[in-house]
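Residue numbers (numbering that gives the first Met the number 0), protein chains in the order written: chain R, 0 to 400; chain H, 0 to 400.
There's no promise every hint is true.
What the hints assert, rightly or not - Distance windows between CB atoms, simulated:
| hint | chain 1 | residue 1 | chain 2 | residue 2 | range |
| --- | --- | --- | --- | --- | --- |
| 1 | R | Arg105 | H | Asp399 | 55 to 65 Å |
| 2 | R | Glu113 | H | Pro106 | 43 to 53 Å |
| 3 | R | Gly306 | H | Asp281 | 46 to 56 Å |
Unchecked claim - Covered by chain R, per the in silico footprint, the following chain H stretches (three or more residues, Cβ under 8 Å):
| hint | segment |
| --- | --- |
| 4 | 259-266 |
| 5 | 273-282 |
To be verified - Below 27 Å or equal to it, Euclidean Cα-Cα: the simulated DSSO-like pairs (lysine-lysine) are:
| hint | chain 1 | residue 1 | chain 2 | residue 2 |
| --- | --- | --- | --- | --- |
| 6 | H | Lys264 | H | Lys276 |
| 7 | H | Lys276 | R | Lys268 |
| 8 | H | Lys264 | R | Lys264 |
| 9 | R | Lys264 | H | Lys114 |
| 10 | H | Lys268 | R | Lys268 |
Hints listed in this document are in silico derivations from the structure and should not be mistaken for laboratory results.
None of the values given here were measured: they were computed from a predicted structure.
Quick reminder that beta carbons are idealized off the backbone N, C-alpha and C, glycines included.
There are 2 protein chains.
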Amino acid sequence: MRILLVGAGGVGAAFCSIAVRRDFFEAVVVADYSLASAERAAASADERFTAAQVDASSADSVAALAREHRATHVMNAVDPRFVMPVFEGARAAGADYLDMAMSLSRPHPDAPYEKTGLKLGDEQFAAAGAWEADGRLALVGIGVEPGLSDVFARYAADHLFSEIDELGTRDGSNLAVEGHAFAPSFSIWTTIEECLNPPVIWEDGGWRTTEPFSEPEVFDFPEGIGPVECVNVEHEEVLLMPRWVDCRRATFKYGLGNEFIEVLKTLHKLGLDRTEKVRVGDVEVSPRDVVAACLPNPAGLGPRMTGKTCAGLWVTGRGSDGAPRSTYLYHVVDNEWSMREYGHQCVVWQTAVNPVVALELLVTGVWSGAGVLGPEAFDAVPFLDLLTAYGSPWGIQELDA
Amino acid sequence: MRILLVGAGGVGAAFCSIAVRRDFFEAVVVADYSLASAERAAASADERFTAAQVDASSADSVAALAREHRATHVMNAVDPRFVMPVFEGARAAGADYLDMAMSLSRPHPDAPYEKTGLKLGDEQFAAAGAWEADGRLALVGIGVEPGLSDVFARYAADHLFSEIDELGTRDGSNLAVEGHAFAPSFSIWTTIEECLNPPVIWEDGGWRTTEPFSEPEVFDFPEGIGPVECVNVEHEEVLLMPRWVDCRRATFKYGLGNEFIEVLKTLHKLGLDRTEKVRVGDVEVSPRDVVAACLPNPAGLGPRMTGKTCAGLWVTGRGSDGAPRSTYLYHVVDNEWSMREYGHQCVVWQTAVNPVVALELLVTGVWSGAGVLGPEAFDAVPFLDLLTAYGSPWGIQELDA
Numbered sequence: 000m001r002i003l004l005v006g007a008g009g010v011g012a013a014f015c016s017i018a019v020r021r022d023f024f025e026a027v028v029v030a031d032y033s034l035a036s037a038e039r040a041a042a043s044a045d046e047r048f049t050a051a052q053v054d055a056s057s058a059d060s061v062a063a064l065a066r067e068h069r070a071t072h073v074m075n076a077v078d079p080r081f082v083m084p085v086f087e088g089a090r091a092a093g094a095d096y097l098d099m100a101m102s103l104s105r106p107h108p109d110a111p112y113e114k115t116g117l118k119l120g121d122e123q124f125a126a127a128g129a130w131e132a133d134g135r136l137a138l139v140g141i142g143v144e145p146g147l148s149d150v151f152a153r154y155a156a157d158h159l160f161s162e163i164d165e166l167g168t169r170d171g172s173n174l175a176v177e178g179h180a181f182a183p184s185f186s187i188w189t190t191i192e193e194c195l196n197p198p199v200i201w202e203d204g205g206w207r208t209t210e211p212f213s214e215p216e217v218f219d220f221p222e223g224i225g226p227v228e229c230v231n232v233e234h235e236e237v238l239l240m241p242r243w244v245d246c247r248r249a250t251f252k253y254g255l256g257n258e259f260i261e262v263l264k265t266l267h268k269l270g271l272d273r274t275e276k277v278r279v280g281d282v283e284v285s286p287r288d289v290v291a292a293c294l295p296n297p298a299g300l301g302p303r304m305t306g307k308t309c310a311g312l313w314v315t316g317r318g319s320d321g322a323p324r325s326t327y328l329y330h331v332v333d334n335e336w337s338m339r340e341y342g343h344q345c346v347v348w349q350t351a352v353n354p355v356v357a358l359e360l361l362v363t364g365v366w367s368g369a370g371v372l373g374p375e376a377f378d379a380v381p382f383l384d385l386l387t388a389y390g391s392p393w394g395i396q397e398l399d400a
Numbered sequence: 000m001r002i003l004l005v006g007a008g009g010v011g012a013a014f015c016s017i018a019v020r021r022d023f024f025e026a027v028v029v030a031d032y033s034l035a036s037a038e039r040a041a042a043s044a045d046e047r048f049t050a051a052q053v054d055a056s057s058a059d060s061v062a063a064l065a066r067e068h069r070a071t072h073v074m075n076a077v078d079p080r081f082v083m084p085v086f087e088g089a090r091a092a093g094a095d096y097l098d099m100a101m102s103l104s105r106p107h108p109d110a111p112y113e114k115t116g117l118k119l120g121d122e123q124f125a126a127a128g129a130w131e132a133d134g135r136l137a138l139v140g141i142g143v144e145p146g147l148s149d150v151f152a153r154y155a156a157d158h159l160f161s162e163i164d165e166l167g168t169r170d171g172s173n174l175a176v177e178g179h180a181f182a183p184s185f186s187i188w189t190t191i192e193e194c195l196n197p198p199v200i201w202e203d204g205g206w207r208t209t210e211p212f213s214e215p216e217v218f219d220f221p222e223g224i225g226p227v228e229c230v231n232v233e234h235e236e237v238l239l240m241p242r243w244v245d246c247r248r249a250t251f252k253y254g255l256g257n258e259f260i261e262v263l264k265t266l267h268k269l270g271l272d273r274t275e276k277v278r279v280g281d282v283e284v285s286p287r288d289v290v291a292a293c294l295p296n297p298a299g300l301g302p303r304m305t306g307k308t309c310a311g312l313w314v315t316g317r318g319s320d321g322a323p324r325s326t327y328l329y330h331v332v333d334n335e336w337s338m339r340e341y342g343h344q345c346v347v348w349q350t351a352v353n354p355v356v357a358l359e360l361l362v363t364g365v366w367s368g369a370g371v372l373g374p375e376a377f378d379a380v381p382f383l384d385l386l387t388a389y390g391s392p393w394g395i396q397e398l399d400a
């Protein structure tokens, strides 16, 4: 296995620090628009890791690099706006492909908060036949959310439930960053994208959308995190899970917290969430890029961050015995642990560990397939076992049904 | 009188539309960084108005243009960051000078919310001796606030009060803009500057500062505007009034409204109020300029704006008869009126009318002086009479003392 890792940001760098401890692959080429970033990430690993420059907005640039290094797998770790060129570049080079976010959505032109327009991943699924015909695999959405949450969905269907009412991904944390008035722990570009787009819901056999930040609900997160207010957010799980797992409803709610919601609403009100460039004096810039440039780099916040982050799936329905069941399957990472063990903050570490586990299952043939597939298309047990073997166990909590 | 008007934004264009109805001057050269803007403003007036290009950040550029057109008066109508080069350019060219905002402040390095650092106008007042020696006048802060509010202070001291406790400028409106989630009616650059700087207060013979948005107070504005929550904001009146008018206290409170305050706090929290450039991809921009570029141009909002704006001074103390007195002197402009009569929205119109009145008093010799002087250094009565003659009367309201 020869991996081309596209993107040496927070998640890409954490990917290297996790992969370096494993021996299932031959080489990782770490590529970034900034060669210096790629070199830093590669240098932090071992001699199997080398650095290269790439333009992720160009499928040709990605394909040329993949061919040059005879990559068997292209691992996409850049902002979701580059999903399509990296996805197409991988296919052009005859490599398998993995990502942690899917191709972007476009709201419905007339009823954005009722009907779906172009959905998350639609552009990728449109190419599924071509991937299948080539016998190549695109494993989409294999971070933590989407990713581990989707593995949980498959596990719940296969081992815990006879009938599923709702697959409700719930994400929350008690993270705080000392010395910053406002310091998101994940890419603000992506956070704005997912939080301001119309949230999507799967219900009774179809997808529909709702208003941003709708249906607030307090969810009590485990391992000392406690209750956090969660709201509907557009997320890949809602598009992935119902394709492979029977359920009446699929939702995603994010524990953004009130302050964060207010910030996002204000950015939207002022048009600062826009990605189209505006003219400012003699230059043109995307307002959203300016917002990102003004905030601290999430990857660098680890040393001043405290708390835990939790990703998980709340499943309701009927258990294997036919009785009502309500179960939360979850994965918690303590920032203190991830900083001490890996030198990466918990949110990017938690995202990056899952594709490393998946690649190890692919190289050993435990997971295999062709086409455009989500994590719930594969057996969950070997994934969860290997994640635990990586030193990062998952948990299960029964709730009142 | 030959006027060089520097700045053809909202206020500059309104200045032209007001001045064109008067015959006290010979020529106005309308200058802007954008020649097209200058040409538009000049073309809307008559043959006495011509257009030119100028770089307001360069005193040499301003001086050269003033000399070329033999300007007797330089009228500054650009953002306050350009006050010093325009002020110095006017002096270098031997012209008198007027502005509507003063040189910028810098917070105290150690105790920004207790002590003043460099105060608003300090850089201009430092040059007062030189202006006086040249026999030239710099009439600073002669818009509406500062400007008309300062005229009110002088009027109150001369005609209404024997002893003044507080000179409290209070600014509020009931303006709304249809079709925009957020549309400030005045330059957002200036609004951020004044609202996020430490507010300054004159008290017992000295200046001190306080926290932004401090001492919220509901003030009941006249002519149907009604109660608006006002908070402390850094403003020139507090620096000007106590230099010429005896008072125990001078304050400025602005009826920003809760939504606006939250927006400003969020911009500050995210660092988007900063003026220093940040690198975004291949370009460098000032985040505050990006915020301004994302919002609608305040000068263009008039047709969709409704409501009235009120500028005024709340004076408390003892009346001429020695009895306690509490009086609000004010000036209200209805947007519907200013749009119909002048084609300019009420906030920029209300700012621009005052320097036109002042120039007319200077050319006729009713007002005269040398040095760096505020509006309260001159007799208030002829100013208020001429303002009324312009069709825009002021009002007076007695409050419970």
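Discussion item. Next pair to validate is Lys264/H with Lys276/H; report whether the Cα-Cα distance is within 27 Å.
Written reply: It holds: about 20 Å lies between the C-alpha atoms, which stays within 27 Å.
Discussion item. Quick check on a hinted range of 43 to 53 Å for Glu113/R and Pro106/H, using CB atoms only.
Written reply: Since the Cβ atoms of Glu113/R and Pro106/H sit about 49 Å apart, the hinted range of 43 to 53 Å holds.
Practice prompt. Would you check the hint for Lys268/H and Lys268/R, treating anything up to 27 Å between C-alpha atoms as holding?
Written response: holds (16 Å)
Worksheet item: For the pair supplied as a hint, Lys264/R and Lys114/H, is the alpha-carbon distance within the 27 Å limit?
Response: violated (35 Å)
Worksheet item: Regarding the pair Lys264/H and Lys264/R, is the alpha-carbon distance no greater than 27 Å?
Response: holds (13 Å)
Worksheet item: Taking 27 Å as the top limit, are the C-alpha atoms of Lys276/H and Lys268/R close enough?
Response: holds (23 Å)
Discussion item. Taking beta carbons only, do three or more residues of the segment 259-266 of chain H come closer than 8 Å to chain R?
Written reply: holds (count 4)
Discussion item. Tell me whether the statement that chain R covers the segment 273-282 of chain H is true, taking a Cβ distance below 8 Å and needing three residues at minimum.
Written reply: Coverage by chain R holds here, the residue count being 6 at a Cβ distance below 8 Å.
Worksheet item: Are Arg105/R and Asp399/H spaced within 55 to 65 Å by their CB atoms?
Response: holds (59 Å)
Discussion item. Given the hint of 46 to 56 Å, is the C-beta distance from Gly306/R to Asp281/H inside that range or not?
Written reply: 36 Å Cβ-Cβ, so the 46 to 56 Å window is violated.
The earlier numbered hints that this structure contradicts are 3, 9.
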